[in-house]
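Chain by chain, the residues run as shown.
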Amino acid sequence: MDYILSILVFFPAIAALLGFVIDKDSARVYGVTVAAIEFFLSLWLWFSFDGTNAGMQFVELIPVIPDFGVNYYLGVDGISLFIILMTTMMTLIGIMSLSVKENVKNMIITLLFLEMTMVGVFVSLDAIIFYLFWELSLVPMLYIIGAWGGSLRVYAAVKFFLYTFAGSLIMLVGMLFMAYTYQSLTGVWSFALTDWYALVLPVNYQMWLFAAFFIGFAIKVPMFPFHTWLPYAHGQAPTIGSVILAAVLLKMGTYGFVRFSLPLFPDAAVIWITPIAVLSIIMIIYTAMVAYAQKDMKQVIAYSSVSHMGIVMLGIFAMNAEGIGGSVFQMLSHGIVSGALFMLVGVIYDRRHTKMMDEFGGIAAVMPKYAVIFGIMLMASVGLPLTIGFVGEFLVLVGFYQVSPIMTILAGTSIIIGSVYMLSLFKKSFFGPVTKEENKNLKDLDAKETWSLVPLVAIVVWLGIYPKPILDPIDNSVKAMLNFMDEKAITQEAKDMIHVAKSTKEAK
Amino acid sequence: MLEPIKVSLESLNLITLAPMLIAIAGGLIILSIDLLKEGLHKSLYVMLTVLVLMIDLGSVVGLNINERGFFDVILIDGISIVSQLLVIIGSIVFIPLALSSKRFHEYSYPEFFALFLFMVAGFQFMMASDNLILIFVGLETASLSLYTLIALHNRSNSYEAAVKYFTMGALAAGFFAMGSAMIYGLTGSVEIYKVAEVLATRLNEPDLMIAIFGGFVLLLVALAFKLSLYPFHTWAPDVYEGASAALVGYMSVVPKVAAFVVAIRIFGMYIDLGVEWARIMILVIAVLTMTLANIMALVQEDVKRMLAYSSISHAGFVMAALALDTTEANTSIFLYYALFMFTNLGAFAMLWISRHKMRRFNNRYDHPYEKFAGFIKIMPIGAVIMGLFMLSLAGVPPFSVFWGKIYVMQAAVNAGYIWLAVVMGLNSAIAAYYYLKLIVYMFLKDPVKDVDTIYYNISRPLMVIIGFATVATVGAIFYIQPLVSYIYYMISASGY
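Chains A and B are the protein sequences, given in the same order. Everything in the first sequence is counted per this note's numbering, starting at 943 for the first residue and increasing by one. Everything in the second sequence is counted per this note's numbering, starting at 37 for the first residue and increasing by one.
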């Protein structure tokens, strides 16, 4: 199938439009079916994907505005393939475990539109098309947070929207300048990423452009100090909103760094290593500490999310195959693990309508299945060996060790602080005697919840033990990118920094 | 004794006058029909107006590019053709809004439609000339008709709006006349191309600079009134509040296109001559307009007033493109307004169909935000469509205004004004807040009170118009390419 990427992008959108006709009570089944078909389509993409080919595959190119150089240009490589798979999987599981009661139909339609924009972001190879999906993804999320969220939902939704919108407009100016530079050098307008890759820019241009793209991406990641929208968004969003936000929307930022910032501006990226590493380490340690101080379970996970995204950022700027490959892997693992954790908090919230840790205690005795799954996810989040969280984190730290051992040690403390806040959350809520009367009769996971969570547990363990099928294609594409960056870099420092690893040893 | 002047009919090239004459004749036909038979329904007049405008459109399309006619005062270049097309299409899509299900005072008069056509003719004269006197005549014809159209809406604040607009317009006319006189005094001509030739030779005379500056400032003030640029924008919100939504939507696009054509001709000349302070003044005004109008829009309580400030801000956005004076920038002006027109048509049509005869929510405003609270629960499709228009105005891709926006920003970047593109970007982010406010009211709040129906004024023709606006807004990506290449070709053919 040559047009599988277009099908992947537009299938959910068309399904969403048709969804307006579906009867209210059947909407959930419709949503699950559509998301499942989409997931199988993405699996098909994986099976027909050539893992040894590091370049773009399934490329589609249709000129849209030729005078302006805008093309409908899609493609997928090892870096984006698995993020797409994770997106479709998390959407499917999110819809399966959906617990909202009112306006389910609106929610399903919104989620399907959101799925279109998310897949669109990861397959676009044209800057304008990328920007189009990037901006469009804000709208369904705004509605999800604003319509189904907590008491401060409107504030949180608007803050989320405006923060990211403002950042991406600066990025848009950067894109326009990039296109202009391309035009003035080649005489042709083009927003195609592969055309831009060929452009060797002077360092001062690179610095400014890097900064413009940085603002757009960093707000989305969210990098410290732009992270303040995230706790609000997570705190107010309904469970499904948090799951998608943490699992997929945050990855757009880090994906943007890998896809745009590094290959387009290799010299600027090398110059920016130290500032970004410092910000990342602040992000890792500071938000981990903030997470420890939270009383609300969901906020703990929200802040731990920021902390883990710091690891991802650090890996990207390690400029070697271990670091970047590890980052991409960590994006996947963080997507799955934090998505699952938000879902788990949602489970308990549906039963008790509170997320405060001191309201609970001893629920391991009441809800054993729940406690086991929570425990596994928590270990994966901390980065225990043999779970998915370990592989990415380890690779990132190995990668960054070649840049700066001291910073790596500082970043490594995240595992310690992470286990402190996570285990204290676990202890406070799950162990000890059951203190509250209401908690004595809590129902354990029902079938719907179990079947949403068990696949995630399986993946967490499977990829923790045997990550090779995923790491290999990622590694191929990352190495190709690094080779390319190494050739493209004009300063000697950048050439020295960008290690083109001959072979990468996987963490087994 | 004076020699009789001999003018051959051929040298007059009367075909260049045909579009305006068609509009005027159409107006006269409508008046005569009213003389012959009274009490005809407004739908007849609306459709006649549309038909006349269609013929008008055809006659504009048939014009040859780069011709002069009628004692060389009429100039048919690419700009004048593109802008006339835009004005006529704008008029065709806005006038059917008169076919609302409720009866409004003004549409029962056939004079309304006659005046409407005279106004279109006035705009066409303005855009198809580089003679300052003819521009002035066209401007006044159009403006006087427009004042009357506003006042015909039978409400006290419509009168207030019309009088306010009239006084401000008279002031602007005064400035325009004085500016033209000053230019005539300096150069001995009122034809812009001759003015440019003379000024080019006299720019180096130091004593003259103050006079050139004076003439420029007077004209700038006059056009700034018409374009509602800061600090001459103060009439706009009140006039928008007083006039009917159908007319306001029209006013936010068509007269501005006409005024922008005049601005391109006059100020483009100054910038071409290398008068750098002219560019700086325009840029300062443009940046102030878009920023301050955006900030003022944030605190409005009425959707129509919010949209008034928003269209001031959009005008500032486009004014900035004018200062760049490149072919791309001039293209972007028309592209922007073409795309903005469809979205604004939709947004104001949505206000228009939700218009009640009496104010039900607020003593002062017809369309306070509360009116739209919980719209999604009352009329889901209406809320989604209105939400689309708001997102489009905010510049969210892939809706129409986004393409206008990036084209303007690209023009700014290409001309080396990156800071301007950044300012535009930040302004779009501020603007997103107030558009979002309406979306928040519509989607995320509960209805304030049970109203019988919010679509009080809807009718089938209005639904068609809104459907058309929606398709044009959502499907913009599919017609941008032909639109851009056509406008670019026309603009570059006329040497701008």
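Worth flagging that the hints you see were computed from the coordinates, not collected in a lab. Note that the structure is predicted; figures quoted are calculated from it, not measured. Be aware that one or more of the hints could be misleading.
Derived EDC-like pairs: lysine to aspartate or glutamate, alpha-carbon spacing no greater than 16 angstroms straight-line [stated by the list, open to error]: (1) K1382(A) with E1435(A); (2) K73(B) with E147(B); (3) K481(B) with D361(B); (4) K481(B) with D1300(A); (5) K413(B) with E1044(A); (6) K1370(A) with D1238(A).
Checked hints:
At most 16 angstroms may separate the alpha-carbon atoms for a hinted pair to count; K1382(A) and E1435(A) exceed this at roughly 63 angstroms. Pair hint K73(B) plus E147(B) holds up; C-alpha atoms about 14 angstroms apart against a cutoff of 16 angstroms. With a C-alpha separation of about 45 angstroms, the suggested pair K481(B) and D361(B) falls outside the 16 angstroms cut-off, and the hint is violated. Between K481(B) and D1300(A) the CA atoms are separated by roughly 32 angstroms; this puts the pair beyond 16 angstroms, and the hint is violated.
For a cut-off of 16 angstroms, the pair hint linking K413(B) to E1044(A) stands: about 12 angstroms separates their Cα positions. In summary, the hint linking K1370(A) to D1238(A) is supported, as the alpha carbons are separated by about 11 angstroms, within the 16 angstroms threshold.
Hints 1, 3, 4 from the list above are not met by this structure, while the remaining hints are.
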